[in-house]
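Based on the provided sequences and hints, a complete structural model is requested.
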Amino acid sequence: MKGLRIDLYAPFASFRDPGAQLYHDTLPLPPPTTLLGMAGAAMGKSFEDVLSWAKSVELHVGCIGVADGKGKDLWNYIKIKADKKSDEPTRAVLLRTFLSDLKLSVFYASERDEAIKALYNAFQYPFYAITLGTSDDLARIITVTYFDSVTIKNEFDLCNTWVCGDYSRMFKFNWKKIESIPIPQTLRPPIVKNLPIDFNIGVDGVRKASRFLTFTFLGDKQQLINEIPTYLFSDTSVPMVKFGG
Numbered sequence: 260m261k262g263l264r265i266d267l268y269a270p271f272a273s274f275r276d277p278g279a280q281l282y283h284d285t286l287p288l289p290p291p292t293t294l295l296g297m298a299g300a301a302m303g304k305s306f307e308d309v310l311s312w313a314k315s316v317e318l319h320v321g322c323i324g325v326a327d328g329k330g331k332d333l334w335n336y337i338k339i340k341a342d343k344k345s346d347e348p349t350r351a352v353l354l355r356t357f358l359s360d361l362k363l364s365v366f367y368a369s370e371r372d373e374a375i376k377a378l379y380n381a382f383q384y385p386f387y388a389i390t391l392g393t394s395d396d397l398a399r400i401i402t403v404t405y406f407d408s409v410t411i412k413n414e415f416d417l418c419n420t421w422v423c424g425d426y427s428r429m430f431k432f433n434w435k436k437i438e439s440i441p442i443p444q445t446l447r448p449p450i451v452k453n454l455p456i457d458f459n460i461g462v463d464g465v466r467k468a469s470r471f472l473t474f475t476f477l478g479d480k481q482q483l484i485n486e487i488p489t490y491l492f493s494d495t496s497v498p499m500v501k502f503g504g
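So the sequence shown is residues 260 to 504, counted in our numbering.
Derived by calculation from the structure, the hints in this document are not laboratory data.
Careful, some of the hints might be misleading.
To be verified - Capping the alpha-carbon separation at 16 angstroms, the derived lysine to aspartate or glutamate pairs in EDC-like fashion look like this:
id: 1; residue 1: K431; residue 2: D407
id: 2; residue 1: K431; residue 2: D479
id: 3; residue 1: K329; residue 2: D396
id: 4; residue 1: K329; residue 2: E370
id: 5; residue 1: K261; residue 2: E370
id: 6; residue 1: K435; residue 2: D457
id: 7; residue 1: K452; residue 2: D425
id: 8; residue 1: K331; residue 2: D360
id: 9; residue 1: K467; residue 2: E307
id: 10; residue 1: K331; residue 2: D284
id: 11; residue 1: K501; residue 2: E438
id: 12; residue 1: K436; residue 2: E486
id: 13; residue 1: K436; residue 2: D416
id: 14; residue 1: K467; residue 2: D457
id: 15; residue 1: K362; residue 2: D479
id: 16; residue 1: K362; residue 2: D266
id: 17; residue 1: K261; residue 2: D407
id: 18; residue 1: K261; residue 2: E373
id: 19; residue 1: K314; residue 2: D372
id: 20; residue 1: K431; residue 2: E414
What the hints assert, rightly or not - Quick list of simulated restraints, FRET-style, between CB atoms:
id: 21; residue 1: D494; residue 2: V451; range: 48 to 56 angstroms
id: 22; residue 1: N335; residue 2: L446; range: 30 to 38 angstroms
id: 23; residue 1: R350; residue 2: E370; range: 49 to 57 angstroms
Every residue, glycine too, gets a C-beta built ideally from N, C-alpha and C.
Rendered as structure tokens:
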């Protein structure tokens with residue numbers, strides 16, 4: 260299997276839970292569909308086209324990242340609904356959380372060498388700007404690395420990543436790391452979310468989620484109890500999810 264690693268930096272980023280309405284709490288890391296959208300932006304493809312392409316090449320995606328901070332953004336905006344008889348606008352308040360100083364490594368893998376080479380060339384000279392969240396959350400590509408051989412390795416010592424499945428009852432705290440922190444911190448369980456992984460796209464371009472998977476977001480103080488299959492990029496083990504197949 261061939262692989263690709265893209266290291267990025269973004270001063271601000273936000274990854275909204277698709278089910279959120281007026282409170283947009285950011286996920287700690289980009290979900291698989293965001294990673295797929297990044298590939299589409301680099302290649303100049305629409306989301307519909309890149310989703311179809313990813314299924315055809317059975318593209319695997321994964322990421323590892325950490326943000327140095329988190330903030331809140333309060334929006335007071337005006338909504339105009341086209342389906343209403345009256346054009347009178349309505350107001351709404353939206354609270355959005357965001358990450359700051361995000362350092363992110365994105366990983367792609369496929370048995371199709373030409374697919375990974377196409378991604379490698381695309382991220383060298385992206386067709387569209389790479390963003391991590393809204394159109395204002397621009398990211399800077401630091402390095403793009405091609406891997407000629409990506410193998411599978413069972414691993415439990417994972418952090419700052421997401422894994423497919425609900426591991427909220429199958430984790431432990433990394434007490435060795437916690438005890439080395441000089442200031443008190445609140446310990447929380449991993450975040451578990453049910454996120455869309457596939458869509459039906461209508462003739463009008465509107466996307467409707469057709470398949471969901473459960474993901475567990477692991478921080479730097481949590482460890483899995485049991486090993487899971489990961490993909491080895493040199494000495495970095497990465498949990499991944501596959502489109503198609």
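inquiry  = So if I understand the rule, the pair passes when the alpha-carbon distance is 16 angstroms or less; does K501 with E438 pass?
reply    = 37 angstroms, violated
request  = With a cut-off of 16 angstroms on the C-alpha distance, tell me whether K362 and D479 pass.
outcome  = Holds. K362 to D479 sits at ~14 angstroms (cutoff 16 angstroms).
task = With a cut-off of 16 angstroms on the C-alpha distance, tell me whether K431 and D479 pass.
result = At roughly 11 angstroms apart (the allowed maximum being 16 angstroms), D479 and K431 satisfy the hint.
inquiry  = What's the verdict on K314 and D372, does the C-alpha distance respect the 16 angstroms limit or exceed it?
reply    = Satisfied, since the Cα-Cα distance of roughly 15 angstroms is no more than 16 angstroms.
message = What's the verdict on K261 and D407, does the C-alpha distance respect the 16 angstroms limit or exceed it?
response = This hinted pair holds, its Cα atoms lying about 5 angstroms apart.
message = Run the distance test for K431 versus D407: straight-line Cα separation, threshold 16 angstroms.
response = 34 angstroms, violated
query = When you check the alpha-carbon spacing of K436 and D416, does it fall within 16 angstroms?
reply = 12 angstroms, holds
ask   = Is K452 close enough to D425, meaning Cα to Cα at most 16 angstroms?
value = Judged against 16 angstroms, a Cα distance of about 8 angstroms means the pair holds.
message = Range first: 30 to 38 angstroms. Now tell me if the beta carbons of N335 and L446 are that far apart.
response = 35 angstroms, holds
16 angstroms limit on alpha-carbon distance, applied to hinted pair K467 and D457 = 9 angstroms, holds
message = 49 to 57 angstroms was suggested as the range; check whether the CB atoms of R350 and E370 agree with it.
response = With a Cβ separation near 51 angstroms, R350 and E370 satisfy 49 to 57 angstroms, so the hint holds.
message = Hinted pair, alpha-carbon criterion (16 angstroms max): K431, E414. Please report holds or violated.
response = Holds. K431 to E414 sits at ~14 angstroms (cutoff 16 angstroms).
Consistency note: the structure conflicts with the earlier hints numbered 1, 4, 6, 11, 12, 21.
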